[in-house]
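On the provided structure of chain F, position chain S as indicated by the hints.
Number of protein chains: 2
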Amino acid sequence: MLIAVDAAGGEYAPREVVKGAIEAAKEFPIDIALVGNKTVLEMLLRRSTRKLNITIVQASQVVMDGEEPIQSVQNKPDSSVVVGAKLVRDRIADGFVSAGSTGATVVASFLNLKAVEGLQRLAVCAVAYLNQPQPTLIIDCGVNVNCRPIFLVQFAQLSNILAEQVLDINSPRVGLLNVGEEELKGNTLAREAYQLMKKTNLNFIGNIEGFDVLKGKADVIVTDGFTGNVLIKTVEGYSQVIQSLLELGQAAKIDRYLTGTALARYIELTSAVKNLDYREYGGACLLGLEGNIVIGHGRSRAKAIKSAIYLAYHAARQGIVEAIKNGQYASE
Amino acid sequence: MLIAVDAAGGEYAPREVVKGAIEAAKEFPIDIALVGNKTVLEMLLRRSTRKLNITIVQASQVVMDGEEPIQSVQNKPDSSVVVGAKLVRDRIADGFVSAGSTGATVVASFLNLKAVEGLQRLAVCAVAYLNQPQPTLIIDCGVNVNCRPIFLVQFAQLSNILAEQVLDINSPRVGLLNVGEEELKGNTLAREAYQLMKKTNLNFIGNIEGFDVLKGKADVIVTDGFTGNVLIKTVEGYSQVIQSLLELGQAAKIDRYLTGTALARYIELTSAVKNLDYREYGGACLLGLEGNIVIGHGRSRAKAIKSAIYLAYHAARQGIVEAIKNGQYASE
Numbered sequence: 016m017l018i019a020v021d022a023a024g025g026e027y028a029p030r031e032v033v034k035g036a037i038e039a040a041k042e043f044p045i046d047i048a049l050v051g052n053k054t055v056l057e058m059l060l061r062r063s064t065r066k067l068n069i070t071i072v073q074a075s076q077v078v079m080d081g082e083e084p085i086q087s088v089q090n091k092p093d094s095s096v097v098v099g100a101k102l103v104r105d106r107i108a109d110g111f112v113s114a115g116s117t118g119a120t121v122v123a124s125f126l127n128l129k130a131v132e133g134l135q136r137l138a139v140c141a142v143a144y145l146n147q148p149q150p151t152l153i154i155d156c157g158v159n160v161n162c163r164p165i166f167l168v169q170f171a172q173l174s175n176i177l178a179e180q181v182l183d184i185n186s187p188r189v190g191l192l193n194v195g196e197e198e199l200k201g202n203t204l205a206r207e208a209y210q211l212m213k214k215t216n217l218n219f220i221g222n223i224e225g226f227d228v229l230k231g232k233a234d235v236i237v238t239d240g241f242t243g244n245v246l247i248k249t250v251e252g253y254s255q256v257i258q259s260l261l262e263l264g265q266a267a268k269i270d271r272y273l274t275g276t277a278l279a280r281y282i283e284l285t286s287a288v289k290n291l292d293y294r295e296y297g298g299a300c301l302l303g304l305e306g307n308i309v310i311g312h313g314r315s316r317a318k319a320i321k322s323a324i325y326l327a328y329h330a331a332r333q334g335i336v337e338a339i340k341n342g343q344y345a346s347e
Numbered sequence: 016m017l018i019a020v021d022a023a024g025g026e027y028a029p030r031e032v033v034k035g036a037i038e039a040a041k042e043f044p045i046d047i048a049l050v051g052n053k054t055v056l057e058m059l060l061r062r063s064t065r066k067l068n069i070t071i072v073q074a075s076q077v078v079m080d081g082e083e084p085i086q087s088v089q090n091k092p093d094s095s096v097v098v099g100a101k102l103v104r105d106r107i108a109d110g111f112v113s114a115g116s117t118g119a120t121v122v123a124s125f126l127n128l129k130a131v132e133g134l135q136r137l138a139v140c141a142v143a144y145l146n147q148p149q150p151t152l153i154i155d156c157g158v159n160v161n162c163r164p165i166f167l168v169q170f171a172q173l174s175n176i177l178a179e180q181v182l183d184i185n186s187p188r189v190g191l192l193n194v195g196e197e198e199l200k201g202n203t204l205a206r207e208a209y210q211l212m213k214k215t216n217l218n219f220i221g222n223i224e225g226f227d228v229l230k231g232k233a234d235v236i237v238t239d240g241f242t243g244n245v246l247i248k249t250v251e252g253y254s255q256v257i258q259s260l261l262e263l264g265q266a267a268k269i270d271r272y273l274t275g276t277a278l279a280r281y282i283e284l285t286s287a288v289k290n291l292d293y294r295e296y297g298g299a300c301l302l303g304l305e306g307n308i309v310i311g312h313g314r315s316r317a318k319a320i321k322s323a324i325y326l327a328y329h330a331a332r333q334g335i336v337e338a339i340k341n342g343q344y345a346s347e
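Residue numbers (the numbering used here), protein chains in the order written: chain F, 16 to 347; chain S, 16 to 347.
Where hints are given, some of them may not hold.
Because identical chains share one entry, a pair is satisfied inside a single copy or across any pair of copies.
Unchecked claim - Calculated pairs, PhoX-like style, for lysine-lysine (alpha carbon to alpha carbon, straight line, at most 25 Å):
#1 Lys-318 x Lys-34
#2 Lys-230 x Lys-289
#3 Lys-53 x Lys-41
#4 Lys-232 x Lys-214
Source of the hints: derived by calculation from the structure; they are not laboratory data.
Chain F on its own, in the form it takes in the complex:
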């Protein structure tokens, strides 16, 4: 199995990407194709002492974060993100991982890969480790800022497949992000989506609210790409603070100095919010195309790159694309 990795994408590219790829190649039974500047990548790889199953695929251009995605993808046909998407299109690679511009990855994938029939839109589903041990899936995280109710239902169905097939979540609890628990709460979009969700055979648990996100009330959180994007970025900011506080607590061996209920509370909190750091864990799957695309966090370091590669590898091994192609989706 071959996973292509965008070696030019992300804030710490290419160094940390290469490092993550080397770790992944050591740990998982996969070949990796690093896509980027050949000269630079050869130099970085030469430092690695062991012989690894890593090849280099030349890409002379880079789409930078902040560039307008559609234009830049069209103007840079030899960019790492386009070359990577084409490796998947041509069935050379079984998956592609990029920590570069999310917009560019979405556009390059959309332009090069076939859309799965029966789906109205593709969507980005974040696999976020908000609670141990299971991840929480949040869909859509930003592709579709204007949605119709049917989109949300299909997002739920797509991420349900990801949750079951790839993340081993049995009968995922699907929650609709809303402003209240009651069925009639919410804006027009959420209210109509609720009615459609009820008719599916999903394990739909109804509406969930902002404070349920951290509590792990739902395995899959469904929302439009606008709210989802705000949510995931807010969560990120807070998660970093929590992660830092936990690390400092560990550094100070805080558990030695706490007793009774304070110690119990500390243990409860740390076990509840482990793995909150987005820079280290998680990744997002672009769902709805005939290709296995994983979007890493822009600030991914080696560990996060390795996690994202694992997600792509595991998704490929579990046949995510076939499962999505065989999925049943609500229609209007």
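For chain S alone, kept in the frame of chain F given last:
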């Protein structure tokens, strides 16, 4: 000056409300009218040793959290929330504080108070202490789940008055919550609101993203009531965890056991995220009506009730209603 307080509203009513009211009456130069069950309140007040400027206004009914707001307000004309709103309407009270059902408070206020001319909608503006020393204002937090662009501009103008007149924020930085920094990012609502915001004389700093919320990039965060509600509830869940970790760190005297950069990072974090607990600080102002209404958190304890009373008192002292009546608002 008289501030009416809903003694029947909130999870810890009436006990904690009364406690908070007693503390407020001791600390601020105000009279307080506790609205609720006279017998119960007399009993609770009798425990207070000092003679305070607290009166009791009988209200025989209560609207519970979870009750449908419009129906329950109409069916319970002698509920504490209706009686409280009427005290403001009749200019007996200079403000009304309720930690009960937000929906019921909004409806009771809307039905009893005049709407300010020129405004399309009323909105709830949360005064959230995310960063020291200044609060961050988030508007709308849930009244208007379906919005038109002009609503968002008016929300910005309303909260700008609150920020300047009551919270002493000089030339508040107004940010539009969106999925990216660039002007053309976002859903139709955000994109159109951006164009309208530019034309105002607000200190409009453009779009802000989810991870900017905690960073204090904007003094006023403007969004629709759906996204705002999700945002504030998500923030709440995370803030509680951070607050707990900080408290545990303090209990363990963690600063004694940290050195160098770890200690510096701890000090940086603690000073950045102090006062995060919604149950203790903050409150929200209902803006757009000819009355000074403050909504406390449903889980308010005495300290939070006191803070909410202070907000109502300070808003009244600064003439918030007059300022809003004299405000200039964008029109379509």
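Against the structure, the hints come out as follows:
Within a single copy, Lys-318 and Lys-34 get their C-alpha atoms as close as 8 Å, which meets the 25 Å cut-off; across copies the closest is 51 Å, which misses it. Taking the shortest Cα distances, Lys-230 and Lys-289 sit within 25 Å of each other both inside one copy (13 Å) and across copies (22 Å). In this assembly of identical chains, the alpha carbons of Lys-53 and Lys-41 lie at most 25 Å apart only when taken from the same copy (21 Å versus 73 Å across copies). For the homomeric pair Lys-232 and Lys-214, the shortest alpha-carbon distance inside one copy (21 Å) is at most 25 Å, but the shortest distance between copies (43 Å) is not.
Hint compliance for this structure: no hint is broken.
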